[in-house]
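Q: In order, the protein sequences belong to chains A and B.
Residue 24 in our numbering sits at position 24 of the first sequence; the count goes up by one each step and never skips.
Residue 170 in our numbering sits at position 170 of the second sequence; the count goes up by one each step and never skips.
Hint data in this document are derived by calculation from the structure and do not stem from the laboratory.
Treat the hints with care, since some could be wrong.
As the list claims (entries may be wrong) - Straight-line distance between alpha carbons at most 16 Å, and here's what the computed EDC-like set of lysine to aspartate or glutamate pairs gives:
hint: 1; chain 1: A; residue 1: Lys264; chain 2: A; residue 2: Glu244
hint: 2; chain 1: A; residue 1: Lys75; chain 2: A; residue 2: Glu154
hint: 3; chain 1: A; residue 1: Lys86; chain 2: B; residue 2: Glu218
hint: 4; chain 1: A; residue 1: Lys56; chain 2: B; residue 2: Glu223
hint: 5; chain 1: A; residue 1: Lys210; chain 2: A; residue 2: Asp23
hint: 6; chain 1: A; residue 1: Lys86; chain 2: B; residue 2: Glu216
hint: 7; chain 1: A; residue 1: Lys222; chain 2: A; residue 2: Asp265
hint: 8; chain 1: A; residue 1: Lys140; chain 2: A; residue 2: Glu91
hint: 9; chain 1: B; residue 1: Lys239; chain 2: B; residue 2: Glu216
hint: 10; chain 1: A; residue 1: Lys140; chain 2: A; residue 2: Asp172
hint: 11; chain 1: A; residue 1: Lys86; chain 2: B; residue 2: Glu223
hint: 12; chain 1: A; residue 1: Lys56; chain 2: B; residue 2: Glu218
hint: 13; chain 1: A; residue 1: Lys19; chain 2: B; residue 2: Asp385
hint: 14; chain 1: A; residue 1: Lys210; chain 2: A; residue 2: Asp25
hint: 15; chain 1: A; residue 1: Lys134; chain 2: A; residue 2: Asp172
hint: 16; chain 1: A; residue 1: Lys222; chain 2: A; residue 2: Glu289
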Amino acid sequence: MSDIVIDVRGLTKSYGRRKVVDDFDLTVPRGAIYGFLGPNGSGKTTTIRMVCGLLKPESGAGSVLGFDVLNESLKIKERVGYMTQKFSLYEDLSIRENLEFIARLYGLDRRDDRVDAALEDLGLSERQEQLAGKLSGGWKQRLALAACMIHEPEVLLLDEPTAGVDPKARRDFWDAIRRYSAQGVTTLVSTHYMDEAVQCDSIAYIAYGKKLLDAPTADIPKQVGLFGWRIAGRPLLQAQQMLEAAPGVDIVARFGAEIHACSKDAAALDRAVRAVKQAQPHVEIEPIEAGFEEIFIYLMSGALDNFQ
Amino acid sequence: MKLPSLSALLDLSWSRVFAVFLKELVQMRRDRPTFAIMIMMPIMQLVLFGYAINTDPRHLPAVIEMREDGPMTRAFLASLQASTFIDIVDIAYTSDEAEAALRSGEATYLISIPEGFERRLIRGERPQILIAADASDPVASSGAISAIERIAQSAFAPEFQGPLNFLARAPPPYEIVVHRRYNPAGVSAFNIVPALLGVILTMTMVMITSIALTRETERGTMENLLATPVRPLEVMIGKTTPYIGVGAIQVAIVLIVAMLLFRIPFTGSFLAFLIAVTLFIFANLMLGYLISTAARTQMQAMQMTFFIFLPSILLSGFMFPFRAMPGWAQAIGEALPITHFLRMVREIVLKGAGLGDVLNDLWPLALILIVLASLALLRFRRTLD
Chain A
1 MSDIVIDVRG LTKSYGRRKV VDDFDLTVPR GAIYGFLGPN GSGKTTTIRM VCGLLKPESG
61 AGSVLGFDVL NESLKIKERV GYMTQKFSLY EDLSIRENLE FIARLYGLDR RDDRVDAALE
121 DLGLSERQEQ LAGKLSGGWK QRLALAACMI HEPEVLLLDE PTAGVDPKAR RDFWDAIRRY
181 SAQGVTTLVS THYMDEAVQC DSIAYIAYGK KLLDAPTADI PKQVGLFGWR IAGRPLLQAQ
241 QMLEAAPGVD IVARFGAEIH ACSKDAAALD RAVRAVKQAQ PHVEIEPIEA GFEEIFIYLM
301 SGALDNFQ
Chain B
1 MKLPSLSALL DLSWSRVFAV FLKELVQMRR DRPTFAIMIM MPIMQLVLFG YAINTDPRHL
61 PAVIEMREDG PMTRAFLASL QASTFIDIVD IAYTSDEAEA ALRSGEATYL ISIPEGFERR
121 LIRGERPQIL IAADASDPVA SSGAISAIER IAQSAFAPEF QGPLNFLARA PPPYEIVVHR
181 RYNPAGVSAF NIVPALLGVI LTMTMVMITS IALTRETERG TMENLLATPV RPLEVMIGKT
241 TPYIGVGAIQ VAIVLIVAML LFRIPFTGSF LAFLIAVTLF IFANLMLGYL ISTAARTQMQ
301 AMQMTFFIFL PSILLSGFMF PFRAMPGWAQ AIGEALPITH FLRMVREIVL KGAGLGDVLN
361 DLWPLALILI VLASLALLRF RRTLD
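I would like the entire structure built from these sequences, with the hints used as guidance.
A: The following block contains the structure:
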């Protein structure tokens with residue numbers, strides 16, 4: 001079997017006159033964890049739904065696990081685990097009943113064993129009779145992951161799986177994803193969190209339905225080409241306001257007692273930072289290399305919008 | 001416990017009230033289907049029921065059994081034909097033929113004029129004109145009986161002149177005998193109770209299944225369901241089957257109550273009844289399921305259910321005689337599952353009909369079922385589009 005698991009080209013979808021996803025390409029190799037980033041409403045959910053056959057693209061083509069996304073969506077559904085953004089299991093069924101229901105839909109053999117194993121994995125064996133609606137956000141998310149893993153899919157499509165979940169549960173969740181990845185499961189995951197994005201092998205960044213960036217995570221800083229300055233000292237409020245008002249400064253992010261100001265325009269940034277130093281002599285300035293955090297703030301603010 | 005003071009209750013801000021009012025207006029405008037139903041419902045129902053409901057039934061179908069062919073009987077027949085109270089659907093020459101028309105519901109009346117009527121009239125033997133009325137629907141049968149007496153009077157009057165002048169007297173030289181068939185006492189409950197089974201099944205079956213898919217969509221579980229390899233037909237069958245049991249329980253309850261409380265005689269074939277009621281339950285489940293493929297919210301589903309429910313009561317022959325409605329209203333009625341079920345259940349329970357007698361309504365019901373199921377399957381969206 002080929003080593004490219006998801007291969008889609010030119011996916012396009014509009015609602016009314018608005019193009020939600022525009023000419024979208026994506027290639028994901030087997031076992032990869034592919035991060036899917038973008039501001040709210042940028043088309044991430046629509047793209048994931050098209051990949052797993054829940055939405056019909058207007059144009060474009062592609063395959064998942066070698067099956068055509070337009071005509072063989074049933075075959076894709078059998079081999080893909082899709083975790084929806086909103087909890088979409090039955091709140092009025094118990095944890096066990098939900099898993100059994102899903103297991104039956106996939107026509108799995110050894111159903112009881114699989115459900116038992118999934119419950120064990122989840123650490124929910126004790127509470128299996130509890131209604132799913134009574135679970136907290138973190139547990140609901142673990143249950144949802146267990147439900148979309150129960151048929152041992154080769155591909156996981158996770159749509160903002162950790163939204164509204166506490167940091168400990170998020171770490172556990174990512175440990176699980178990495179475990180699956182080591183077993184050869186391919187994962188496409190959309191997220192808003194930079195600490196999660198950093199854990200991905202590759203990142204695709206989408207805004208207003210267009211893919212603006214697609215690269216291995218390690219290459220992202222170089223590709224974005226962001227210059228940065230650190231401004232430290234107290235007070236900083238005025239310095240921050242000046243930087244925010246300055247032309248050509250893309251992001252001004254506060255990290256405790258310092259500000260990181262970044263821009264793609266090195267000259268404009270230099271001018272702005274020096275103007276701040278002049279007006280506020282008590283602050284210290286120092287050029288820095290823009291790290292992932294700055295880059296993700298930059299990406300998630302939708303600033304890439306005007307770079308094409 | 002301290003009750004909130006009156007002033008606290010009255011302390012309301014009209015601008016907040018207005019804010020809420022505006023928001024509701026906007027939401028109402030956004031919810032196009034509900035809005036459309038709110039506007040269309042009164043219009044359609046006024047038009048439909050205003051014209052269709054007729055508590056003074058006319059144009060009821062009659063079959064005439066003619067054993068005599070003379071000037072007087074021809075005059076009587078002509079008057080019957082001219083009357084708007086009854087419509088002559090058939091002139092039968094054998095009593096078997098006439099009886100069959102009455103039993104199948106093709107005719108509400110059977111008017112028979114015996115052999116030698118005219119001769120015995122002239123001899124002063126007071127021959128009988130026999131009216132057999134299908135009293136399984138008392139409303140339909142009672143109205144026209146008195147009308148037929150008046151028709152006879154005016155039809156014979158011109159004939160009783162000259163040499164036959166001596167016949168123009170009171171009481172008339174003939175006798176009109178009315179037989180109420182199938183429900184001789186004219187008990188309304190005999191008509192209403194079996195039919196109520198149809199109304200109850202329509203109400204509950206359609207309502208329950210109308211939210212089957214809508215609830216999934218509303219709660220967001222549809223997305224998960226569609227992401228699995230489940231097929232539309234599997235969802236349809238799986239979702240509707242549990243309610244077959246509910247329907248069966250309702251049928252049992254209504255039957256027991258009908259027999260114990262209302263003393264309704266069950267005269268016909270139980271097998272025919274089972275087949276008819278099963279088909280009817282299926283048709284209702286499919287009707288509800290079809291609604292649930294169209295409604296976006298449970299509220300919409302409820303409204304659509306009532307949209308079906310009202311004509312099911314008013315245009316099906318449940319409340320008003322079916323045959324007395326104008327043709328277009330009858331056409332709507334024919335498309336409703338309950339219309340066919342009502343006819344079958346009345347024929348089976350009250351008229352002692354068997355499977356063969358109800359085939360006329362069994363196949364339309366089966367056809368409705370197939371059409372509804374196919375539409376529902378076609379409408380089921382396999383994607384979230």
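Q: Could you check the structure against the hints above and give me the numbers of any it violates, in ascending order?
A: 12, 15
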